[in-house]
Structures are given as structure tokens and as C-alpha cells.
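Heads up: the protein sequence lines correspond to chains E and X, in order. Going left to right, the first sequence walks through residues 1 to 115 as this note's numbering numbers them. Going left to right, the second sequence walks through residues 1 to 113 as this note's numbering numbers them.
For the record, the hints were derived by calculation from the structure and aren't laboratory data. We put the beta carbon where it would ideally sit given N, CA and C, even for glycine. Among the clues, some could well be false.
A few chain E residues that don't get close to chain X, going by computed Cβ distances all over 12 Å [what the hints assert, rightly or not]:
no., residue
1, T20
2, G28
3, E48
4, R67
5, L83
6, S94
7, D102
8, T103
9, T113
Here are some of the chain E residues that sit facing chain X, going by a computed Cβ distance under 10 Å [said to hold, decoys possible]:
no., residue
10, S24
11, L43
12, F47
13, K57
14, L81
15, G84
16, S86
17, Q104
18, G109
What follows is each chain in one-letter form.
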Amino acid sequence: KAGVTQTPRYLIKTRGQQVTLSCSPISGHRSVSWYQQTPGQGLQFLFEYFSETQRNKGNFPGRFSGRQFSNSRSEMNVSTLELGDSALYLCASSLTSGGGTDTQYFGPGTRLTVL
Amino acid sequence: DAKTTQPNSMESNEEEPVHLPCNHSTISGTDYIHWYRQLPSQGPEYVIHGLTSNVNNRMASLAIAEDRKSSTLILHRATLRDAAVYYCILRPWGIQGAQKLVFGQGTRLTINP
């Protein structure tokens, strides 16, 4: 079974631009979560989608948004990029939207650099 | 979100056992204890999880204290490939939207050849 794939792997943008990152979950997985990883703040939860609905959201400004399609693929968008948005963006998929015993499978991430 | 405390770093030698501690004194009765690790230049990967009893899988063992306020991840024979940042995470059971993993700073494990 193929793992979680993220595209693109690397991206360079300038301040003020917007960017869209894509995530394809493991086949059969319906939950997709997004995380931001920076050296200063570590790994932080952005949001989770399950069956095309946002189920949970982290503490990020409205410039960060996402969506999920009927095939469970997900995209996240960051508008009006700031230098501080430079980070590794990770996508994780899981079978369900429940907690407890469910396992999240992470992709390799998209490295975004904002100049 | 329930909090976990881990040492910032640990060091061990190849082929020796490694015990990675985690304190979670505010754990609730329905919190599962999960461990993930992040190898260099990769996304995190699941290692093991448990609720009350000790657990074993092909990667590691998880020892949970009787009062559940602490746990220890055990790598029985460390290899160089086990060098990573290890995260101990508490996950509530059965709560909608509980896919939010709250990562702390984790423990950076160095393995010496």
C-alpha cells in the first residue's frame, strides 16, 4: 500500500504571495490532518478533515485554510505569506476521525521557504 | 490538552537497550499513551501505544506505571537507525476531532556506534 504523498516537496515563495500544498492519504483513509513544524515552535496542529468536513482546528490565523475532496485528497492554502510561514508542512492520514487507538501516518512534508 | 514531560536528549550505544522516560501526571482515565518518532528529514512515524498494560511490538516495548502518571519506551537493542526525536503524546479516546496530536519538544536520541 502506498504511503502518504505530499506535493510539492520543496517550494520557494515571496512575501505576500499565496501557496497551495497537496496531500494524498493512504488508500481507504478518510481523515487528513495538517501540521506545521518550525525550529522554534516544533510540531503544531493546523487542522483535520474527515469526509470533506473540517473537524478540528489549531490556533493559526485565518490565512491558513484547507479543504478535502471526495476522494479524501486534501489541500492546504496559505494566503499573504509572511517570513514566519517558512516551515515544514506535514500531512498525516488515518482511517477514522476518532482518537484513542487510531494511528496517524505522516507524509514526508513540504518544505516552504518564504523570502 | 494533557501535558507530557520528556528529557531533551539522551545518548546510548549501538546494540544496547534504551529506556526513554515520559511523565504525564495529569493524564485522565481515557487518555491513551502514544509514542511517535521522527527520523532526520522525515515525517513522524508511529511507534507504539498503550492504555494501562505494558505493550510490545516489533519496534519497541511500552512500560506503563501502575498509576499511569509515567511511562517508558524501551528499545531493546538500539541501532544507528533508531537515532531520532521521540515524542510521547496523550490521546483521548472516542472524542470527535481527537486526531489533533499535541507534540511536546520530545527527546533527541543519539546512538553511538
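Against the structure, the hints come out as follows:
1. Distance to chain X confirms T20(E) as a non-interface residue, since its nearest Cβ pair spans about 19 Å, more than 12 Å.
2. For G28(E), the requirement that its beta carbon stay farther than 12 Å from each beta carbon of chain X is met, with the minimum near 16 Å.
3. Distance to chain X contradicts E48(E) as a non-interface residue, since its nearest Cβ pair spans about 5 Å, not more than 12 Å.
4. Even its closest Cβ contact with chain X, about 16 Å, leaves R67(E) beyond 12 Å, as expected for a residue assigned away from the interface.
5. Distance check on L83(E): its Cβ is at least 23 Å (rounded) from any Cβ of chain X, clearing the 12 Å threshold; non-interface status holds.
6. The beta carbon of S94(E) is not kept farther than 12 Å from every beta carbon of chain X, the shortest such distance being approximately 6 Å.
7. A cut-off of 12 Å between C-beta atoms contradicts the statement that D102(E) is not in contact with chain X; the least separation is 7 Å.
8. For T103(E), the requirement that its beta carbon stay farther than 12 Å from each beta carbon of chain X is not met, with the minimum near 5 Å.
9. The Cβ of T113(E) sits about 15 Å from the closest Cβ of chain X, beyond the 12 Å cut-off, so the non-interface label holds.
10. Here the hint on S24(E) is broken, as its CB sits about 14 Å from the closest CB of chain X, past 10 Å.
11. Checking L43(E) against chain X: minimum C-beta separation of about 4 Å stays under 10 Å; hint holds.
12. Satisfaction of the interface hint for F47(E) is found here, the shortest Cβ-Cβ separation to chain X being roughly 9 Å, below the 10 Å cut-off.
13. Because the closest C-beta pair between K57(E) and chain X is about 9 Å apart, less than 10 Å, the hint holds.
14. At a threshold of 10 Å, the smallest CB-CB gap from L81(E) to chain X is about 22 Å, leaving the interface hint violated.
15. Proximity of G84(E) to chain X is violated relative to the hint, the smallest CB-CB distance being about 19 Å (cut-off 10 Å).
16. Interface hint at S86(E): violated, since its Cβ lies 16 Å from the closest Cβ of chain X, which is beyond the 10 Å cut-off.
17. Given the 10 Å rule on beta carbons, the hint for Q104(E) holds: about 6 Å separates it from the nearest Cβ of chain X.
18. Taking 10 Å as the C-beta cut-off, the interface hint given for G109(E) holds, the closest approach to chain X being about 5 Å.
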